[in-house]
Amino acid sequence: MPQDLTDPAEARSLRKALDRHRATLAESRVRLSETENRLEAERRAGKKPRR
Numbered sequence: 001m002p003q004d005l006t007d008p009a010e011a012r013s014l015r016k017a018l019d020r021h022r023a024t025l026a027e028s029r030v031r032l033s034e035t036e037n038r039l040e041a042e043r044r045a046g047k048k049p050r051r
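Residue numbers for the sequence shown follow UniProt numbering, beginning at 1 and rising by one.
Take these hints with a grain of salt, some might be off.
To be verified - Ranges of calculated distance between the beta carbons of each label pair, as one might list FRET restraints:
| id | residue 1 | residue 2 | range |
| --- | --- | --- | --- |
| 1 | R20 | E42 | 32 to 38 Å |
| 2 | R43 | D7 | 49 to 55 Å |
| 3 | D7 | N37 | 40 to 46 Å |
| 4 | R22 | R44 | 29 to 35 Å |
| 5 | R44 | A11 | 46 to 52 Å |
| 6 | G46 | R15 | 32 to 38 Å |
| 7 | A9 | R31 | 30 to 36 Å |
| 8 | R44 | H21 | 32 to 38 Å |
| 9 | R15 | R43 | 38 to 44 Å |
| 10 | A9 | R38 | 42 to 48 Å |
| 11 | A41 | E10 | 43 to 49 Å |
| 12 | E36 | L5 | 34 to 40 Å |
| 13 | R43 | A23 | 28 to 34 Å |
| 14 | A26 | K47 | 25 to 31 Å |
These are computed hints drawn from the structure, not numbers from a lab.
All C-beta atoms, glycine included, are put in the ideal place defined by N, C-alpha and C.
Model the full structure from these sequences, guided by the hints.
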């Protein structure tokens, strides 16, 4: 069911929710990258990866 985006309050609410989702996604990407970097460093050092 489409939202009525002619309502400025509804548009602001949706924009805020989208911004929160984008921020959460960005944080998740950073954590994933850090985990991949740590695992690669452990692999290169010959260590058994932590889970």
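Against the structure, the hints:
{"no.": "1", "hint": "R20 with E42: 32 to 38 Å", "verdict": "33 Å, holds"}
{"no.": "2", "hint": "R43 with D7: 49 to 55 Å", "verdict": "53 Å, holds"}
{"no.": "3", "hint": "D7 with N37: 40 to 46 Å", "verdict": "45 Å, holds"}
{"no.": "4", "hint": "R22 with R44: 29 to 35 Å", "verdict": "33 Å, holds"}
{"no.": "5", "hint": "R44 with A11: 46 to 52 Å", "verdict": "49 Å, holds"}
{"no.": "6", "hint": "G46 with R15: 32 to 38 Å", "verdict": "49 Å, violated"}
{"no.": "7", "hint": "A9 with R31: 30 to 36 Å", "verdict": "33 Å, holds"}
{"no.": "8", "hint": "R44 with H21: 32 to 38 Å", "verdict": "35 Å, holds"}
{"no.": "9", "hint": "R15 with R43: 38 to 44 Å", "verdict": "42 Å, holds"}
{"no.": "10", "hint": "A9 with R38: 42 to 48 Å", "verdict": "44 Å, holds"}
{"no.": "11", "hint": "A41 with E10: 43 to 49 Å", "verdict": "47 Å, holds"}
{"no.": "12", "hint": "E36 with L5: 34 to 40 Å", "verdict": "38 Å, holds"}
{"no.": "13", "hint": "R43 with A23: 28 to 34 Å", "verdict": "31 Å, holds"}
{"no.": "14", "hint": "A26 with K47: 25 to 31 Å", "verdict": "29 Å, holds"}
Consistency with the previously given hints fails for number 6 only.
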